[in-house]
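Engineer: Listed here are the chains, written in short residue letters.
Number of protein chains: 2
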Amino acid sequence: MAADKDARLDPLARLTGLLARLPGIGEKSALRLALAVVRSEGEYVEALSEAILAVRDELRLCELCNDLASATRCERCQDARRDRSTICVIAQPQDRMALERTGAYRGLYHVLHGVLDPLAGVGPSQLRLANLLPRLHGGDEPVREVIVATSPNVEGDATALYIAKLLAPLEIPVSRIASGVAVGGELEYADMTTLHRALEDRRRL
Amino acid sequence: MAADKDARLDPLARLTGLLARLPGIGEKSALRLALAVVRSEGEYVEALSEAILAVRDELRLCELCNDLASATRCERCQDARRDRSTICVIAQPQDRMALERTGAYRGLYHVLHGVLDPLAGVGPSQLRLANLLPRLHGGDEPVREVIVATSPNVEGDATALYIAKLLAPLEIPVSRIASGVAVGGELEYADMTTLHRALEDRRRL
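Taken in sequence, the protein lines are chains A and B. For reference, each letter of the first sequence is one residue, going 1 to 205 in our numbering. For reference, each letter of the second sequence is one residue, going 1 to 205 in our numbering.
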C-alpha cells in the first residue's frame, strides 16, 4: 500500500522514488534500500544524509579534464610530475581509478562522463568534449598522443572512432587500448568477438 | 585514488563507504551510486538527503505487528474492517506489499524483520517475535489461524517450523503458504525441489 500512495505524503514512497532515479537501481531495489534506511540506526541515517550533501558541496569537476576535483583543478592536472604530453580519454572517473591502480600510466586524463549511445539519446553534445580540443593546442607542452580508453563495446568503440575523426585535423596520434583475451582467462571460454579482436590485434613477439 | 584515501578527508570515499553498508550494495556499486550523486543536479541531491532523514523521522514500527507505520499502530492494525482472527507472519514489509497487491488477504500481519539464518548469526532473538505471543491471547477477538508466509527456502522454512513449534502449546492452527510450480511457469523448467514440493503439496480437484 505504502509504495502506491502519494509520494509527497509518504516518506517511504518518496525516498524509493528518488533512489530509483539512480543508475542501475530499479523500483524493487530502491524499495529494499529505502527499507534498509528505515531500519538503520539514527546515527547512520544522519551520516548518509550529510555525506550526500557533502559530495555536492565539496566535489566539482576539474576545469581541464572533467575528473572529480576538490579544487578548480584535479590532483593529477595539478601534479607537475605527471607526463603532460599524453592524454587518456575515458568514460567515467571509475576508469581513471582502475587505470591508476595499474601504476602503468603517468599521463593526464580526459573524462567524457559518458559514451556515445544514440539509442539512449547520448550524442556528442552530451559528452564533455568541449574542453578537450583547447587542451591539445593550448598547453605549454605539446600533446604527443591521445589514448582512447573507452570500453571495447559498441558504444565505447563508436566513441573512440568519433574522437579519432574529431582530432584527425590536428595530426596528433590517437590510439586505442588493446582488446583480447583477458590475462589469466581461458581461450576456450573467450567469446567469438573477443577472440576475433585478439587475432586482429596480435603483436610480434 | 579517491576511494583509497582517508574517508574523513574525501567526501566521495565517505559516501561510498556508507552506501556499501546497505544490503546488496558492494564497493563497486556504492562507488557508482556515489558518482551518480556527484553528477546529479543540486535539487535532486538535496531532496535525496532530506528524504533519508524523513523516513527516519516520520516512520516507525507498528507496536502490534512491527510493520511500517506513521503512527503508533499501522494502517492495517487500525483498520476495523480487517479480519482480526487471522495473522499472517512475514519476513519483511515488502512481503506485506506483495500480499496486499493480490487483494486475497484481509487479515492482519506480523513482520519478523528477518528470517532464521544461523550461518549469518540470525537467531530467534534477532527476529521481532516477542510481541507475537501477546497478540494471540490478548485481543478482543480470538486468533483462529496463523499463516506463515516466509519464502519457501531453507531459512524461510526453518523460520516457519520454529514458529509452528513456538505456537504449538496455544493450539492455534498454524499454516504455511503453498509451494509449487509458479502459475504461468513451465513444468519442464521448474527445479527439482520445487517439483518435489509441488507433488507433495498436491490438492484434490
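Misleading hints may appear alongside valid ones.
To be verified - Which residues of chain B face chain A? A partial, calculated answer using Cβ under 10 Å:
1. 10
2. 12
3. 14
4. 25
5. 28
6. 39
7. 49
8. 52
9. 53
10. 70
11. 143
12. 147
As the list claims (entries may be wrong) - Not close to chain B: a few residues of chain A, all C-beta gaps over 12 Å, as computed:
13. 28
14. 36
15. 151
16. 172
17. 187
18. 191
19. 202
20. 203
Just so you know, the hints here were simulated from the structure itself, not pulled from any lab data. For glycine and all other residues, C-beta sits at the position ideal for the given N, C-alpha and C.
Engineer: Of the hints given before, which are not true for this structure?
Structural biologist: The structure breaks hints 11, 12, 13, 14; every other hint is satisfied.
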